[in-house]
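Residue numbers (my numbering), protein chains in the order written: chain A, 1 to 291; chain B, 1 to 159.
Check before you lean on any hint, since a few could be wrong.
[Stated by the list, open to error] Below, in silico cross-link-like pairs of lysine to aspartate or glutamate (EDC-like), each with a Cα-Cα straight-line distance of 20 Å or less: (1) B/Lys134 - A/Asp35; (2) B/Lys116 - B/Asp149; (3) B/Lys133 - A/Asp37; (4) B/Lys152 - A/Asp37; (5) B/Lys134 - A/Asp37; (6) B/Lys152 - A/Glu67; (7) B/Lys151 - A/Glu102; (8) A/Lys283 - A/Asp140; (9) B/Lys133 - A/Asp35; (10) A/Lys97 - B/Asp19; (11) A/Lys204 - B/Asp69; (12) A/Lys191 - A/Asp215; (13) B/Lys27 - B/Glu15; (14) B/Lys152 - A/Glu102; (15) B/Lys46 - A/Glu212; (16) A/Lys97 - A/Glu113; (17) A/Lys191 - A/Glu219; (18) B/Lys151 - A/Glu113; (19) A/Lys97 - B/Asp149; (20) B/Lys67 - A/Asp202; (21) B/Lys152 - A/Glu272; (22) A/Lys271 - B/Asp131; (23) B/Lys137 - A/Glu272; (24) B/Lys152 - B/Asp121; (25) B/Lys134 - A/Glu272; (26) B/Lys137 - A/Asp269; (27) B/Lys46 - A/Glu203; (28) B/Lys137 - A/Asp35; (29) A/Lys97 - B/Glu22; (30) B/Lys133 - A/Glu272; (31) B/Lys46 - A/Glu67; (32) A/Lys68 - B/Asp131.
[Unchecked claim] Sample of chain B residues lacking proximity to chain A, with all beta carbon distances greater than 12 Å (derived): (33) Asp5; (34) Asn12; (35) Glu15; (36) Ala28; (37) Cys32; (38) Arg33; (39) Leu59; (40) Ser75.
No wet-lab data here; the hints were simulated from the structure. For clarity, every value in this text was computed on a predicted model and none was experimentally measured. Idealized CB from N, CA, C, for every residue including glycine.
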Amino acid sequence: MKYAFFLGCTIPARARNYELSARKVAETLGIDLIDVDRFMCCGFPIKAADRHAATLMAAFNLAVAGEKGLDVCSLCSSCASQLAEASHHLSLDDAEKARVNERLLAAGLAYNEAPRVRHFARVLFEEVGAEAIKTHFKKDLGGLRIAVHYGCHYLKPSSIHDRFDDVEDPTSIESLVALTGAKLVDYSGKKRCCGGPVLPVDEKLALSVAKEKLDSLAEAGANALCLVCPFCSVMYDGNQKGIESEFGVSYNLPVLYLTQVLGLAMGLDRKELGLNMNVVKTKELLEGIAE
Amino acid sequence: MGTIDLDKSDSNFLEELADQPEAAMIKACFTCRTCVAGCPISAVNKAFSPARIIRMALLGLKDVVLKSDFLWLCSTCYTCQERCPQGVRITDFMTLLKNMAIREGFAPSGIRAQLKLVTGDGRIYPIDDFDNKKRTKAGLPVLPTSCEDIKKLFQGTNG
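Kindly generate the complete structure, drawing on both the sequences and the hints.
Here it is, written out as C-alpha cells:
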C-alpha cells in the first residue's frame, strides 16, 4: 500500500502530533507514505475568494502525484475534500480542465487521469481493515470512554467521497476506535460542525458552535474526544481553554487524533505519538490504560 | 430580522446567476427550511438562514446579499446541501456568492489577505527554518521553505 502523502499547510506547522502519530501508525501497518516536496496548499483556504484558483492549486497537486503514478492520502479532511472535489469537478467540466491545463503547462505539468484521493482514516477503514489493524494491538483501552467527532469534509459532500460511509449515520471512525476496546460514547449533535471555518470571521460565534458539542460531550460522560481533522482539533483542543473562559464553563476534555488512539492500542510510546503536544493534557486520561 | 426591501431588487442578477452551475437549482427551492433546521450556524445565530439567502437571491437582491456580513458565516459544512429535498447545491451556491462578493469588492479584508498569502507563498502557513528545526527535533522530515511552482501558476493573473 503506497500513497503520496499530502500534508497540507496546517498539519506540518500546527499539528505535528497528528503527523507524528500518523507516520508511526502507517509504519506499523506497512502503509508507505511518500513525502512529495513539490506539493503546495490544496486550495481550500482560498475557495471562498476564488474557487477557480482553488481548483487550479488542487489540480497542480493531483498532477504532481499523477506524474509519480501515486494515489494521494491526506490526514486533513479539508485537503482530502478539496482535492477530491477538484478531481470530481474537472471530470465533468472540460472547459475548466482546459483552463487548468493551460496554467499547469507553465509548471511543466499536465492534468490527465486524476489519482484517487483518500483520507488516511478511510484508508484504514477500507483498505487496511479491522482484522489487520487488530493484529498490531498490544494494549486494551477498555478504561477509556471515547466519543467520536466525524467533522464535515471527511464525509461531505457525499457525492465526491463515493458515499463510503453514511453521512447521516456514520460508523467508519467509531468502528476503528471500537477495535481498541475503548467504550464508545454516543452523544447528541455528533454530526455537528466544529465551527472552525467561521473563526476568522466571527470568533465568538465559532466558539459557541464548538461549545455546543463540548456541553453535549460532558453530559454524555465522555472522557476523551477522538477526531481526524486538524481544524476540528484547533476548535476542541486548541480553543477549549478559550471557550472555558469566554463562557465560564469547565471541561478539561482531552482531544486525541484517531492515529493517537490507535497508536496507544499498538503500544507505541506516548512521545512518539506526540501526546505531549496535545493542548488539553492527557496524562490523567492515560493513567486509565492498563500497563 | 426585518422585512425584505424589494426596491433594491436588481432584475439582471438572476440572469447573472443562470450561467453558474452552482445556482442551477435555486429556483426549485420551496422554502421548506430543512437547510435552516440542520444548520450549525443558524442553531447559535438566528440571523443566519440559508433559506433566506436563497430567497433574497431569487428576488434579485444582489447588493443586499453580496454586501451582507451573514454570507461569510456559512461554515461550508454541507449539511444543508446533503439534505435539500430539491437538490439545491446550497453550500456551493454560498461559495459562488462569496466569490461574486469578492469580485464586487465587498469581501472581509481577512479573506482577501488569505488569497494573497496563499497564491503568493503557496502555503497558508509558510514553513521557515524555525519550523524545520522544531520538525527535526520531533523526528519529522524537513520541508521546503519556498514554493517556486506557485509563481508559475499565477504568473500574469490577478489570482
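We went through each hint and held it up to the structure:
no.	hint	in the structure
1	B/Lys134 - A/Asp35	holds (18 Å)
2	B/Lys116 - B/Asp149	holds (15 Å)
3	B/Lys133 - A/Asp37	holds (17 Å)
4	B/Lys152 - A/Asp37	holds (16 Å)
5	B/Lys134 - A/Asp37	holds (18 Å)
6	B/Lys152 - A/Glu67	holds (18 Å)
7	B/Lys151 - A/Glu102	holds (14 Å)
8	A/Lys283 - A/Asp140	holds (17 Å)
9	B/Lys133 - A/Asp35	holds (18 Å)
10	A/Lys97 - B/Asp19	holds (18 Å)
11	A/Lys204 - B/Asp69	holds (15 Å)
12	A/Lys191 - A/Asp215	holds (14 Å)
13	B/Lys27 - B/Glu15	holds (12 Å)
14	B/Lys152 - A/Glu102	holds (11 Å)
15	B/Lys46 - A/Glu212	holds (15 Å)
16	A/Lys97 - A/Glu113	holds (11 Å)
17	A/Lys191 - A/Glu219	holds (16 Å)
18	B/Lys151 - A/Glu113	violated (24 Å)
19	A/Lys97 - B/Asp149	holds (19 Å)
20	B/Lys67 - A/Asp202	holds (16 Å)
21	B/Lys152 - A/Glu272	violated (38 Å)
22	A/Lys271 - B/Asp131	holds (19 Å)
23	B/Lys137 - A/Glu272	holds (12 Å)
24	B/Lys152 - B/Asp121	holds (12 Å)
25	B/Lys134 - A/Glu272	holds (14 Å)
26	B/Lys137 - A/Asp269	holds (16 Å)
27	B/Lys46 - A/Glu203	holds (16 Å)
28	B/Lys137 - A/Asp35	holds (18 Å)
29	A/Lys97 - B/Glu22	holds (17 Å)
30	B/Lys133 - A/Glu272	holds (17 Å)
31	B/Lys46 - A/Glu67	violated (48 Å)
32	A/Lys68 - B/Asp131	violated (27 Å)
33	Asp5	holds (24 Å)
34	Asn12	holds (22 Å)
35	Glu15	holds (20 Å)
36	Ala28	holds (17 Å)
37	Cys32	holds (17 Å)
38	Arg33	holds (18 Å)
39	Leu59	holds (23 Å)
40	Ser75	violated (4 Å)
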